[in-house]
Amino acid sequence: MHIASALTGSAATLSDLAGPLGLGALAVAAAVAVVLLVWRFFPEDRS
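Counting from 1, one number per residue, gives the positions in the sequence shown under our numbering.
No lab work stands behind these hints: they were computed from the structure. The C-beta atom is built at its ideal place from N, Cα and C for all residues, glycine as well. There's no promise every hint is true.
[As the list claims (entries may be wrong)] If you anchor each label on the Cβ, the simulated ranges turn out as follows:
#	residue 1	residue 2	range
1	A25	S5	46 to 52 Å
2	T8	L36	32 to 38 Å
3	R40	A4	24 to 30 Å
4	F42	D16	35 to 41 Å
5	E44	H2	29 to 35 Å
6	F42	P20	47 to 53 Å
7	W39	G19	29 to 35 Å
8	S5	W39	40 to 46 Å
9	A25	A4	46 to 52 Å
10	V28	S5	49 to 55 Å
11	T8	A29	23 to 29 Å
12	A4	V35	36 to 42 Å
13	S5	A27	27 to 33 Å
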């Protein structure tokens, strides 16, 4: 049962982190990933 309580505790911590700061970090990570993908697929557009 201690495993379940540990999972519940980590889930609560994750939900606490997934507030405005967590969503902002996710948005920044997604934007960086998109920029890197475009940068890689269209190298001739670099100026």
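Status of the hints after comparison with the structure:
{"no.": "1", "hint": "A25 - S5: 46 to 52 Å", "in the structure": "27 Å, violated"}
{"no.": "2", "hint": "T8 - L36: 32 to 38 Å", "in the structure": "36 Å, holds"}
{"no.": "3", "hint": "R40 - A4: 24 to 30 Å", "in the structure": "43 Å, violated"}
{"no.": "4", "hint": "F42 - D16: 35 to 41 Å", "in the structure": "39 Å, holds"}
{"no.": "5", "hint": "E44 - H2: 29 to 35 Å", "in the structure": "57 Å, violated"}
{"no.": "6", "hint": "F42 - P20: 47 to 53 Å", "in the structure": "33 Å, violated"}
{"no.": "7", "hint": "W39 - G19: 29 to 35 Å", "in the structure": "30 Å, holds"}
{"no.": "8", "hint": "S5 - W39: 40 to 46 Å", "in the structure": "45 Å, holds"}
{"no.": "9", "hint": "A25 - A4: 46 to 52 Å", "in the structure": "28 Å, violated"}
{"no.": "10", "hint": "V28 - S5: 49 to 55 Å", "in the structure": "33 Å, violated"}
{"no.": "11", "hint": "T8 - A29: 23 to 29 Å", "in the structure": "26 Å, holds"}
{"no.": "12", "hint": "A4 - V35: 36 to 42 Å", "in the structure": "41 Å, holds"}
{"no.": "13", "hint": "S5 - A27: 27 to 33 Å", "in the structure": "32 Å, holds"}
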